[in-house]
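Student: Residues per chain, in single letters:
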Amino acid sequence: MTRNEAFAHLSGVRDELEAAKFATERLLRATAAGADDLLHATYPVKPSHVRTCAANLEATYILRLFSGFEMILRNYLAVARGGRRRRTRMEIVIDRVAVACNMPSGILVDAHAVREHRNTIVHDLASARELTFGDCKSKLGTFLSFLPVRW
Amino acid sequence: MQVPDNQTTVRRDEWLQLLHHLLKQIEDWSIAQGWSVQRQSKQVHDGDLGEYTAPVLIIRGPGGALYVTPIGLNIIGAKGRVDLEAWPTLNRVKLLRRDDQWHIVTDSNVPIRAPWNAETFVQLVGDLHA
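First to last, the protein sequences are chains A and B. Sequential numbering from 1 applies to the first sequence in this note's numbering. Sequential numbering from 1 applies to the second sequence in this note's numbering.
Don't read these hints as lab results, they were simulated from the structure. One or more hints might be untrue.
[As the list claims (entries may be wrong)] Capping the alpha-carbon separation at 25 Å, the derived lysine-lysine pairs in BS3-like fashion look like this:
#: 1; chain 1: A; residue 1: Lys21; chain 2: B; residue 2: Lys79
#: 2; chain 1: B; residue 1: Lys79; chain 2: B; residue 2: Lys94
#: 3; chain 1: B; residue 1: Lys79; chain 2: B; residue 2: Lys24
#: 4; chain 1: B; residue 1: Lys94; chain 2: A; residue 2: Lys21
#: 5; chain 1: B; residue 1: Lys42; chain 2: B; residue 2: Lys94
#: 6; chain 1: B; residue 1: Lys79; chain 2: B; residue 2: Lys42
Model the full structure from these sequences, guided by the hints.
Tutor: Structure (structure tokens):
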């Protein structure tokens, strides 16, 4: 895998989020203006479903972002260990990659903040408000920038 | 393949001229800061303007890299768009051409109400890398 591929994954999730925001906002505006687009849905979708979807988009895509980040780090560690994959907890995976790539402690702390935020989203979505998608993307991107160009 | 008519060719040439002017401006501001600037090019598929080669800038400063990438002239709500994307944060803003001026707009479509000049650009680069 290359570092560029890792970044393409993160930016791909960001672009999907932007597309989803654009689509939901447009649909909500059209529905508010009297358009009957929702009637054409194969599943009964109400405007309230779309509003909830729009409100939770960032949290949903933070999960996608983090799962991509996890896949990248596990791939890196597996290659570094000669192809062995383990079911190590993500907290430890982040620590090991940070040590292997000589990262400053602040970068490691930021990555753990995103991991904890991701856990909050999974277990208690309503209280997950401390980081935005942009914050998470920026912190995880900075962490990934310390990986080698190719592994 | 669709052959562009004269009017389309004129619009495309004017757009490319605008792009060259903008990128030269950004290049000069970056060099004044002591940042290195690399020029590349990309193919743009731009609706009725067809396909053309546009310049791209990669600027390397203390916070990381900044990619200045033309997106196209045919944009909903604007007459041209150029993206500024920071690496490694992947933070991005759009420059949208409206009323013959460049306007800075965030990914969430919030306009940044600051004039497009060297001071704003340098501050923006810092913010994109934060």
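Student: Now, for every hint given, state plainly whether the structure supports it.
Tutor: Cross-check of the supplied hints:
no.: 1; hint: A:Lys21 to B:Lys79; result: holds (22 Å)
no.: 2; hint: B:Lys79 to B:Lys94; result: holds (12 Å)
no.: 3; hint: B:Lys79 to B:Lys24; result: holds (19 Å)
no.: 4; hint: B:Lys94 to A:Lys21; result: holds (16 Å)
no.: 5; hint: B:Lys42 to B:Lys94; result: holds (17 Å)
no.: 6; hint: B:Lys79 to B:Lys42; result: holds (19 Å)
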